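Number of protein chains: 2
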Amino acid sequence: MSEIKIGDYIIKRLVQLGTRSIQGVPGDFNMAFLDLIEDSEDVVWVGNANELNAAYSADGYSRIKGTVAALVTTFGVGELSAINGVAGAFSERVPVVHIVGVPSTSAQGAHSLLHHTLGDGRFGAFANMSKEISQASTLLQSPDGAAQEVDRVLTIAARDARPVYIALPTDLVHKKISSKGLATPLSVEVPANDEKAEKYVLNVATKHIEDAKRAVILVDACAIRHHCIQETKDLIEKSGLPVFSTPMGKTAIDEDHAQYGGIYVGSITSNEVRQIVERSDVLITVGALKSDFNTGNFTYRTPKESTVELHTDHTTIGYSHYPGIGMKGLLPKLAERLSRSREKRLKVTKQILPKFDNILPQDEGEDKETITQAYFWPRMGKFFRPKDQIIVETGTSSFGMLEAKLPRSSMFVAQILWGSIGWSVGATLGVALAAREEKLGKTCLFVGDGSLQLTAQEIGTMIRQGLKPFLFVLSNDGYEIERQIHGPERVYNNIAPWNHSLLLDLMSAPTSEDVTRVSASHKCDPKPSKKKYYAVRTKNELDQLLDDPTFNAGKEIQLIEVFMKRGDAPTALKRQAQATSCANKYE
Amino acid sequence: MSEIKIGDYIIKRLVQLGTRSIQGVPGDFNMAFLDLIEDSEDVVWVGNANELNAAYSADGYSRIKGTVAALVTTFGVGELSAINGVAGAFSERVPVVHIVGVPSTSAQGAHSLLHHTLGDGRFGAFANMSKEISQASTLLQSPDGAAQEVDRVLTIAARDARPVYIALPTDLVHKKISSKGLATPLSVEVPANDEKAEKYVLNVATKHIEDAKRAVILVDACAIRHHCIQETKDLIEKSGLPVFSTPMGKTAIDEDHAQYGGIYVGSITSNEVRQIVERSDVLITVGALKSDFNTGNFTYRTPKESTVELHTDHTTIGYSHYPGIGMKGLLPKLAERLSRSREKRLKVTKQILPKFDNILPQDEGEDKETITQAYFWPRMGKFFRPKDQIIVETGTSSFGMLEAKLPRSSMFVAQILWGSIGWSVGATLGVALAAREEKLGKTCLFVGDGSLQLTAQEIGTMIRQGLKPFLFVLSNDGYEIERQIHGPERVYNNIAPWNHSLLLDLMSAPTSEDVTRVSASHKCDPKPSKKKYYAVRTKNELDQLLDDPTFNAGKEIQLIEVFMKRGDAPTALKRQAQATSCANKYE
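From first to last, the protein sequence lines stand for chains A and B.
Quick note on numbering: this note's numbering labels position 211 of the first sequence as 211, and the sequence is numbered without any gaps.
Quick note on numbering: this note's numbering labels position 546 of the second sequence as 546, and the sequence is numbered without any gaps.
Isolated chain A (complex conformation) (with noise of 0.2 Å):
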C-alpha cells in the first residue's frame, strides 16, 4: 500500500479541489509544512506580508475560483493575527481552510512554556477562539484518522462554503499515512432534496408564481457562493420573469442581460427600480442574504406572503418553511415548470424593465472639472470590459460601484456584509492570482486614502509576484464613510497623509543595487512588475487616461491616485450612511 505524508496529503486534497495557489506567513512551528509547499509542483507558495493580508488575499483567492482557498499560519502569533479575515469569510460564506503549524504533540502535552505561548499552558486557546468562526475544525494528534479528519474538515469547507480550521503538529507533517483514500475525490456536492417533499414545494411555488401577474426575481449573495448562478440564469430564462440583484449579487447575472434591471437595495434603490420590485406581486429571491447594507437597512416593503425565498437548504413561500428543500435541486425543476408561461411574462418585462446604463450627469455647473462620485462610478462602468474583476472596499467604493453597470463575464467582488476595513487591498492580490491562473481580464482594485493604509503592504507581495492589477486610490483625505455616518469634521476621521507616488517605487526592490540579492532562494524568483503611477485631478484627465491604450493593455501594475472632493459620497451611501447614523443614535 502506497504511503503518503500527512502534508502531502493536505496539499494533494487542496489540489483536487481546484486550489494552486497557497497563501501565509512563515513561522518555526509551520517550516516542515512549508517545505512541502515549496517542494510541490502542483501549488505554489504566495509569501504575505502579514497574515492579515494573506486571510484576505485567500478570500479574494476563493471567491474567484470558486474553490476552497488555503492559508497558512503558525501557532499563536500568526493565527490570530490572521483570524479577522478568516471571521469575514465565515461571515461572507467563504470556504477558506486555515491550516496553522502548532507545537509538536509532545510540547503540547507538556504545556511547556514556549514562545508563541499564552505563558500559563493553555495550548487549546486559539483553537478554541477559531471555532467561534469555523464551520468546522480539527486539531490532529496522531497518524490515525488524519486522513479523515482532512478529509472530513475541507468537505465541510466546499459544502457549507464557510472556512474551516486545521492544526498540524510539527512532528506529524511528515508522519506517513495511507494515500489511498487520494483515489476517491471527496464529494462536496449538496445532497440531493427529498424527491416526495421537493415535489410538493415545486407545486406550491409554481402555483404561487403562476398566479401572479408581476412576479420578480431577485438574486443574492448565496446564489454566487453555492454555484447555482447557472440554474439561477436557467430559471430567469424560462420564466422571463424581470430579475434585480442586490449589492452582494452583483454581476452574478450578467448585467446586459436582456432581462436585468439593476440593483435592488430596499429603500436607498433608484426609484425606477424600487416601483417595479415594490410593486411586483410575488418577490422570489435567490440566495437571499438579508444584512443591513444588502437590503438598504432591512427595508423591502414585499409583504412576507408574497415572497418565494429559495435559499441553500431551504425554502420558504409565504409564511411555509420547507426545511432540507435546497435550491441546487429546485431551481432547474421550478424553471422547467415556469417555462409555459415564458413569452407572455417576457412580453411583460420588456414593457417595465428599466434601462440599467452608465449615464454620465451632464453640467455638474461649479463641479465641470471635477471628478465627482456621480460622474466617477459610470465613468469607471464604461471603462471595464468582459472578465474582468472588480474588487470595491467597503463605504465609498461599495456603494459607488453599485451605480456602474458593468460588463457581462465580469465579477464584483465586495465584503459587503463583514466590512472589514483594508480587506480589498488583500483580497485584490487572491483575485489577481487567481485571474492569471484562470486567464480572466483586468484586476482593478477600488479603495480609499484611509482604507488603504490598514493593509497597503500586500501591494509589495503582487509586484514581487509579477501581478499587474489596477489600483484606483481615491485620495479624499480620511474615512468618507465614517464621515457620512457620524463627525463630518472631527479629527478621528483623518489619517496621515500620504504621497501615494511613492507606493509602487517603495515596495520594489531599489534601483540602485543596494542589496545583492546572491543568495540560491532567489534562484527562481518571479520577475517583479514594472509599474506605473499616475496621478488623476479632473474629469477631462480621467478620460484620457481611460481610453489611453498603453494604460488599458495592463502591462505593468498601475496606480492611479483620484483626487475627489471630501464629503462628496455616492448617493447610495449617503443614503445608508443616515440609516446607520440613526441605528447608532445616541442622544
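Copies of the same chain look alike in the list, so a pair counts if it fits in one copy or across any two.
Computed list of lysine-lysine pairs in DSS-like fashion (alpha-carbon distance at most 30 Å, straight line):
#1 531 / 565
#2 304 / 207
#3 523 / 565
#4 585 / 523
Hints in this document: simulated from the structure, not taken from any laboratory.
Every value quoted in this text rests on a predicted model; they were computed, and no experiment measured them.
Since the structure of chain A is provided, determine the placement of chain B on it from the hints.
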C-alpha cells in the same frame, strides 16, 4: 448628585490610572465614544493606521508608563484585527484595556443581521474569543452597575498586569450615571501577605540564603510588570549579592550597577556568566518567567532544592510552595534580614563578578568593513544614553541586543515570550508617545527588513504625531530568525524587496500640496516630523553616523538602513535557533 456619561466615566478612570494617549481606529460603533475622547482635555486620541498596530502601540505605551493603556476598536472587524496584539499583552503581562464599540443593546437583543456580524445572530462570539486572552471582561448592558463593572475590570488589569475587555454599546456611551465613585481612585495595590505566613516564609528564605556561600539573584520579567524594581534593587544592595538578569528582565536593574554581571539565559549564556550562576548554591529568582526563549530552552542547571523563587502571588523555596505570599511585601523584609552580612557578601561579589561591557570585536578578517552582528550590537550599546528606550523585534534584534550593555535608566523593550513578528514597529509608536509624555530620552527601534513589512504603516502615525524615533532597519534580505531555525535557502523565507529610502517620504504629506487639507478638522493637526533616511554599509559609516551630533540630537524622525549579511546572526540567536529547530524536528 452629579452625573457623568458612561464614556466619560471610563476616560476619567483611565486618566486617574495615568493614561494620556488612547489608541485605536474609528468605526461606526465606536464613534460616540471617540467624540468624548476627542472632546476630553485630559486624553489625546492617537488614530492608528490599523487595529493590530494600535494594540501593539498600546502594549508599548503601557510598558513605559507602567499603567493600563487603552485601545479602542469597533465590533467584530476592528476588535478581531487587534486580538493578536491583545493576546501578546496577556502573554507578556501588560495591562491593556480593550474597549470595543458594539451595536446598541436593542440591535443585539434583536440579533439583527448587521454589518460587522457573522450573519448568524451570534453577537457574543467576539467577546467569547476575547475571553481566552483577557483577565476579565464586561459586556455593558445597562447604566445600572456600569461604573462598578468598569472599576472591577480596570482594577484587575492594573493589579494582575493583564488585558481586560469592555464591550460598550452605542446607546450606552452617552447615558448618565453617578460620578460619585470617581472621588475614590481605584485601589490597584496587591493585597498584603498574611502576616504569620509571611514571617514563616521569611525565616525559611533567610536561613536558606544565609547558609549559602555563593548565592546569586536573577531578575526577571515580573519584577518589572508588577512594579517591584525598587524593592528588588533594595534586596540587591542590602544583601550585597551579585545580580544577573534574564532577557525579559534586562534593564530592570541598571546594567552599570556595581553588583550586576550581565544576562543569564541557561546554556546559551556566555561561559563567564554561566559558571557563576550555575555554580551558585542558592539561586534567588525575582519575578521569574521561564519560557523557552527566556531560559535558553529550559537549560537552567540549578537544582530545584537550591532555588528561592519570589513571585507576585507566591513563593517557593526548594520544593516548598507558599501560595499567597507575594514578593511586593516579602522583598523589603528579606532585604532587611539579609543586610546583616552585606559587607561579607559584597566582597565575594566583587571578586567573582564578570565585567559586562560593550566590547567591539577586533580584526574581523574578511569582514573588516562589513557590519557584522558581532560588531553591531556592542557598537549600538555605546550609542545609547540614560533614559533611552530600546525596542527590539523578536529575532536578530532581541537576541543581538542582549549582547549590548545599556546605560542606566534606559529601557529594554522586547516581546520575548509572545514573539509576534512586526510587534516592535507598533510598540515603538506607543513607547515614543509615552517617552514624550514622561520626558525620557531617545526612542530607538531595531527591526529587520522582514518584520518591518508586517506593520510598517504605523510609521506614518509617528510622523503625523510629530514623534522622532530612531528607526534602525536591519537589511539582510528576509526572515533571518526563521532561516537560523530552518530552511536557510528556502524561498518562503524571502520577502518582497523594498526600497527603504522612500519609506518616510511615502508616509508623509506630498510636498507638491496635491491634497489641499482645508477642512476645519485639520485646524489642530500636530506638526508632522521632519524626516531623514540614512544608508549605512560599513563599520566606518556606522561609526561616523553614530558619532554625528546632529544625528544624535534626533530633531527629525530618522530611518537608518543598516546593510548586513544574510546568514549572519548573533551568537545567542544561533544557539536558540538550534534548540528550537531540534524541538520542532520532524524527521
